[in-house]
Amino acid sequence: MKNNKAEIYWKKNLRYLTILLSIWFLVSFGFGILLADQLNEIQFFGFKLGFWFAQQGSIYTFVILIFVYIFLMNRLDKFYRSKK
Amino acid sequence: MSLQIWIWIIVGLTFALYIGIAIWSKAGSTNEFYIAGKGVNPIANGMATAADWMSAASFISMAGIISFIGYDGSVYLMGWTGGYVLLALLLAPYLRKFGKFTVPDFIGDRYYSNVARTVAVFCALIVSFTYIAGQMRGVGIVFSRYLEVDINSGVFIGMGIVLFYAILGGMKGITYTQVAQYCVLIFAFMVPAIFISIQMTGNPIPQLGFGSESTDGVYLLDKLNGLHQELGFSEYTSGSKSTLDVFLITAALMIGTAGLPHVIVRFFTVKKVSDARKSAGWALLFIAILYTTAPAIAVFARTNLIETVSEKDYSTMPYWFKKWEDTGLLKYDDKNDDNIIQYLGDEQLNELTIDKDIMVLANPEIAQLPNWVIALLAAGAIAAALSTAAGLLLVISSSISHDLIKRIINPEISDKGELIAARVSAFFAVMLAGYFGINPPDFVAATVALAFGLAAASFFPAIVLGIFYKKMNKEGAISGMLIGILSMLFYMTKFKFGWFGGGSSEDWWFGISPEGFGTIAMLINLIVSITVANFTASPPEKIIKLVENIRLPSDDEEL
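These protein sequence lines map, in sequence, to chains X and B. Counting from 714, one number per residue, gives the positions in the first sequence under the numbering used here. Counting from 954, one number per residue, gives the positions in the second sequence under the numbering used here.
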């Protein structure tokens, strides 16, 4: 029973990682680098959007990603410890 | 009050604070000396990690570099923050669950091999030494600029302070001084930024300010792009580096960050696994405050500078211009003898050369801020350099006293004996770092990038595979680490120092710079490790159990 739970725990963890790291890649390498020239056509307040992602937006997203991860994992830990 | 008196008062007060903390948090056991007794609060650990991470270079040079290269500077901003996402998601919680003292501890135990442990110690020492030499130099330079002592005396004062609190308090002392140093440095960085943002845009938040309209109603960035175009510089908001290279450098810095031993070891100091995750989040938040402000300072300083000097009569230049000219960091060469400053993108016609460090250091003077703000900046720069030096010092001393002496040479050593060994090695590490600070080898600047490349090419794949790939064995990890590091060393020495036939930037493979090659070396490591592991024996059952265990939250933690 316990092993089963450990397996679910790990699978869920891997799914969270995949989703969060995809967003991590998208905002930095995607919006900030590969698509920067296209996004620079869009004006975002006083910024060109690609430039904003490279120097501001990606960093804000990184911070949010870690706090989302903390929330998800704390919830998952609780699930793992419940109904032993 | 004069600037000099202000500087002595503020720097003196911060030093008294650091020494006070050291006496209060004296370490009594190796557990306290290496990992602060695992009792650090996650928010405090976040602050300590942030101070540990942000060096003199982040504080003094980064905004200046961005100021000169515009969009291309994004590699540092994304590279040195994005690594924390990797750390939080892929490394920190598992290493904390593993629960030992150092990174070589993990590598040696996970790969059931003292050869792997020795390779890891070797990498940790190289990475940390290349880094610490630069920090001691940074302390010396800041002292010499602000306190009017020569650089060498500055290095000595810095060595004395670090020696005192690192040897007395170990990780415990370092952690709490780093918390204080974070507060000093972030306050010192933000105050001038906020003042200048208000002056230039009316918005007190620098992150919003540099996307606002300047006082004449034009968006600040549009104005700067216009000035750049007029003077023949490349457009500020788009880059001149190739996309491939920007991509690879960013990746190398991110992965290198996640593989740096002095950062990783900070996550061993908290009480439980969930606290390790939490402190990674807080650390990045605290770092992000500085890293999102730096590009704003870059834009303010750049615009301010161009407007102050471009096409102006030399005799009308303000006081700070002459002052920095005296230090040699600012040079004016009147090529066409018209007494007017031509600051242009064209090398042939340009008459003004500016050192990147001036942008942050002279910013308060350029913006005519009061003396205490300038003094604060000096204290902040010193705090940034000292905190990073201390963190590195601890990695060096624990690599020697714990990984080499306790785990390999003399496992029978008592806790007390190991503690003495740790303090003695910390002492010699400071001496050596001081020596490099006074006699900096030419390659210091080049090797900071090397440190990231090395960390990316060696530790990162070995640790991540050790957690996420159960079948990873010692043969795979050792060959991966060695080939990864050697290919990195080869590429760096070839194109940075001219070994193996040398070569210029035209000869770079596929246009990849040595800084970006860390990513390639990391991939080589990854491929070699997995291939070798598939052709050799699986790790013993005991190790597979260990990996299964570190993947789960521990049972004895309270919820």
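The set of hints was computed from the structure by calculation and includes no laboratory data. Where is the CB? At the ideal position from N, CA and C, for every residue including glycine. There may be inaccurate statements among the hints.
Claimed, not checked - Derived DSBU-like pairs: lysine-lysine, alpha-carbon spacing no greater than 30 Å straight-line: (1) X:725 <-> B:991; (2) B:1498 <-> B:1053; (3) B:1498 <-> B:1424; (4) B:1225 <-> B:979; (5) B:1498 <-> X:724; (6) X:725 <-> B:1176; (7) B:1495 <-> X:791; (8) X:791 <-> B:1224; (9) B:1424 <-> X:724; (10) B:979 <-> X:725.
Unchecked claim - Chain B residues, not near chain X, derived (Cβ > 12 Å throughout): (11) 1174; (12) 1249; (13) 1495.
Comparing the hints with the structure gives:
Proposed proximity of residue 725 of chain X and residue 991 of chain B is supported: the alpha carbons are some 28 Å apart, at most 30 Å. With a C-alpha separation of about 17 Å, the suggested pairing of residue 1498 of chain B with residue 1053 of chain B holds against the 30 Å cut-off. With a C-alpha separation of about 11 Å, the suggested pairing of residue 1498 of chain B with residue 1424 of chain B holds against the 30 Å cut-off. Proximity of residue 1225 of chain B to residue 979 of chain B is assessed by CA-CA distance (about 23 Å); at most 30 Å being required, the pair is judged to hold.
This hinted pair checks out: residue 1498 of chain B and residue 724 of chain X have alpha carbons roughly 17 Å apart, not beyond 30 Å. Between the alpha carbons of residue 725 of chain X and residue 1176 of chain B the distance comes to roughly 49 Å, so the proposed pair goes past 30 Å and is violated. Our distance criterion of 30 Å between C-alpha atoms is met by residue 1495 of chain B and residue 791 of chain X, whose separation comes to about 27 Å. Our distance criterion of 30 Å between C-alpha atoms is met by residue 791 of chain X and residue 1224 of chain B, whose separation comes to about 18 Å.
This hinted pair checks out: residue 1424 of chain B and residue 724 of chain X have alpha carbons roughly 17 Å apart, not beyond 30 Å. Restraint check for residue 979 of chain B and residue 725 of chain X: not satisfied, since their Cα atoms lie roughly 42 Å apart, outside the 30 Å limit. Distance to chain X contradicts residue 1174 of chain B as a non-interface residue, since its nearest Cβ pair spans about 6 Å, not more than 12 Å. Not every beta carbon of chain X lies more than 12 Å from that of residue 1249 of chain B, the smallest distance being close to 9 Å; the non-interface claim is violated.
The beta carbon of residue 1495 of chain B is kept farther than 12 Å from every beta carbon of chain X, the shortest such distance being approximately 17 Å.
Comparing the model with each earlier hint shows violations of hints 6, 10, 11 and 12; every other hint is respected.
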